[in-house]
Amino acid sequence: MPNDIKVIESEYDVVVVGGGTAGPMAAIKAKERNPDARVLLLDKAHVKRSGAISMGMDGLNNAVVPGYATPEQYTKEITIANDGIVNQATVYAYAKHSFTTIEQLDRWGVKFEKDANGDYAMRKVHHMGTYVLPMPEGHDVKKVLYRQLKRARVEITNRIVATRLLTAADGSVNGVMGFDSRTAEFHVIRAKAVVLACGAAGRLGLPASGYLMGTYENPTNAGDGYAMAYHAGAELANLECYQINPLIKDYNGPACAYVTGPLGGYTANNRGERFIECDYWSGQMMLEFYQELQSGNGPVFLKLDHLAEETIQTIETILHGNERPSRGQFHAGRGTDYRHRMVEMHISEIGFCSGHSASGVYVNERAETTVPGLYSAGDMAAVPHNYMLGAFVYGWFAGVNAAERAAAIDFAPIDAEQVEREKARIFAPLLREHGLPPLQVEYKLRRFVNDYLQPPKVTRKYEIALERFAEIREDLQQLKAADAHELMRCAEVAAILDCAEMAARASLFRTESRWGLYHLRVDHPERNDAEWFCHAHLKKGADGRMSHLKRPVEPYIVPIAEQEKDAYDRLRLNPTTAARAVATA
Amino acid sequence: MAFQPRSIAQYSEAAVTVDLDKCIAHKGCTVCIDVCPMDILDIDPATGKAYMKRDECWYCLPCQKDCPTGAIQVAIPYLLR
Chain V
1 MPNDIKVIES EYDVVVVGGG TAGPMAAIKA KERNPDARVL LLDKAHVKRS GAISMGMDGL
61 NNAVVPGYAT PEQYTKEITI ANDGIVNQAT VYAYAKHSFT TIEQLDRWGV KFEKDANGDY
121 AMRKVHHMGT YVLPMPEGHD VKKVLYRQLK RARVEITNRI VATRLLTAAD GSVNGVMGFD
181 SRTAEFHVIR AKAVVLACGA AGRLGLPASG YLMGTYENPT NAGDGYAMAY HAGAELANLE
241 CYQINPLIKD YNGPACAYVT GPLGGYTANN RGERFIECDY WSGQMMLEFY QELQSGNGPV
301 FLKLDHLAEE TIQTIETILH GNERPSRGQF HAGRGTDYRH RMVEMHISEI GFCSGHSASG
361 VYVNERAETT VPGLYSAGDM AAVPHNYMLG AFVYGWFAGV NAAERAAAID FAPIDAEQVE
421 REKARIFAPL LREHGLPPLQ VEYKLRRFVN DYLQPPKVTR KYEIALERFA EIREDLQQLK
481 AADAHELMRC AEVAAILDCA EMAARASLFR TESRWGLYHL RVDHPERNDA EWFCHAHLKK
541 GADGRMSHLK RPVEPYIVPI AEQEKDAYDR LRLNPTTAAR AVATA
Chain D
1 MAFQPRSIAQ YSEAAVTVDL DKCIAHKGCT VCIDVCPMDI LDIDPATGKA YMKRDECWYC
61 LPCQKDCPTG AIQVAIPYLL R
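Chains V and D supply the protein sequences, listed in that same order. Quick note: the first sequence uses the working numbering, first residue 1, plus one each step. Quick note: the second sequence uses the working numbering, first residue 1, plus one each step.
Only chain V is shown next, with the shape it has when bound in the complex (with noise of 0.2 Å):
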C-alpha cells in the first residue's frame, strides 16, 4: 500500500452523499432542524450542476395538488402502477407532503405554471389521476437550490467519488470514505449519520449507440449508492424491476410526451397511429412499446406533425432548453423538424432507478434504510415512481430525520482495518505499471449487461451473465488508472459490477413475471401473486455474498377495489395480431 497516498480525516453530524436533487434538500433540511449541526454536502461532481436535473427539469410529474387529486388516489394510482407491490406507507407519505414540498420550492424561486387566476396549471397524464405540473422555464432548479445550500451554511465538498460506508460495532454507519477525483486524496469522514442521494444505476446497460456516455441518466449516476448500501449491509428492494425508458433514438434522452402530450403530441407506430391509451410510463407500458417495436409496425415515434405552429414552438422553447438542451442541435443534424416529421424512438438499455420504477434500496416512510445511521432518498430509495418531487420529498424526510439522529447519539469509533482495506482497494490501480483501461472492462460488462440481461429474461442467459460478470470481477484486480480521474472510472466499474450482478440474481430469485417488460421472464410468462405477491430483497449475506429474502407487502392504507388492480394491463388500444404474436413467444 502507498504510503505518499495522503489521508483527510473530519467529522461531520450529518454527511449528505450527492448534490443532485434529493442531496441539497436533505443537507438544508437537516441544517434548518438543527442549525447547530456539522452538515457536509459530498459530490462527486460540482453541486451546482450536478444529478439528473443539472440543467433544470420541465416539470413535476407526480404532483399532488388540493382540487385535483388526493394522497389517497395518488396512492392507489401508483399502487396499480407498480402491480401492486408498494409499501402504500412511503407512497402515501410522498402524497401527504407533496403539496408542502411544491410550496417550499415555489417560495424559493422555482417557477411552475400557473393560469391566469394564479393556480397550478396541472395537466392530465397518467392513466387516472391529474399529477403534471409544467416548468417551462424549469432550468433554474440548480441555481435555487444552490442559493438556498449558501444560505443555510451548509458545507459543501465537491469532486469527491464516495466509494464506501464506515460501520461501528453495532452495524450502524459511522462514516464515508472515499477519494478526490482531481488530486487522489483518500478522506475517511466521520459522521453521525449519512444520507446516500446518489441517484440511479444509470450506467448499467450500454445504450446502443455504444457510446458510453451517451446514457438516459446523468453518467455520475453510476451506481454508486447502490453499491455503498450494499456493502454496509442495506436491504435492497425489487431490483428486478428495472428502469427501461421509451426514449429518443441515438439522443436516448426522454422524448418527453409528458410534455407533449397535455399539447396533443403522442407515441404512435409507423403509421402514424396511437397504439397506447396512455404515455405514463409504466411496465405495462413498455411491454406495449416494446411489443410495437418488434412487430411490423415498428419502429414507435413521437407524432407531433400534426399540431399547430404556435403548439410547436411552445414545445421547441420547453424541450430544447430544460432537462436536455442539446436536443434541438441533435433533431437538426438528423433533420428532424417537428412540423414534418415523427421523432424517432426506442427502447433504452437497463437500469436501476426508483424515481422512474421500483428499483432501489429500502426505505420507510422516515427515509430510513434497514441500517440504523443510513437514510436515502431520490432516485436510488425505493418509493416507486418517485420521481424529482419525490426526490426533493424523501431529501427533506432524510435531512430531519438524520438531524434527529445526529442530535442524540455519539460518535461512534472508527474501525481502522475498514479503512485499510478500503484504502488498498481504491488505489491499487494507480499503483500497476500495466493492465487494463477502466473504459474497455466498463465496455465489456456493460455489453454483457446488454447481451444477457436485457428483458425478455431467459433464464440461462442470466446464468451465462453470471459467470461472466464472475471472469470481469477477477479482471477488475488488473485495472489500471494513470491518474485520480481514470481512479474514479475504476471504481466506477467495480459499482457497475455489483449492480450489475445484484441485477441477475434479483431477476432469477423472482420466479414470475410482473411490472410488464421490467420483468418478464421469457420462462416464467405468469403473474404468480400466490408466491410473488411480495417485494424481493436483496441484501449481503454473512457470507458475504447476495441473498435474498421475500417481505410480505404492508397491508394497504387506501384499498384498490378488484375490478381497478388491472387498470394498467388495459393500455393498448387495438391490439394487432403481429403484437399478440410476440407477447405469446
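Listed below are several chain V residues computed to face chain D (Cβ distance under 10 Å; list not exhaustive):
1) Y211
2) N218
3) P219
Hints listed in this document are in silico derivations from the structure and should not be mistaken for laboratory results. Heads up, the beta-carbon is just placed ideally off N, CA and C, and yes, glycines get one too.
With chain V held as given, fit chain D onto it using these hints.
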C-alpha cells in the same frame, strides 16, 4: 526478453471545442471546468485555455451555458449524431 505489455492510445474527435480568442481561462476563469459533471475539461498548458481532455461528454451543456464569454461549443458526439 519475454513478451512486453503495451498500450495503444485511441483518438476521438472532441465534441467540446473552445474559441481561443474568447476563452479567459488564462486570466483564472475555470467556470466550464468546474461545472462539467463528468470533469472532462481542463486547461491546456500550451495555450492556457480550456480544452476537452477526455472523451466522456454527456452533451448536457452547463459548460456552454455558464461560460461568461460564450467561448464553448458543444457538439453531439459523433457516435450519436
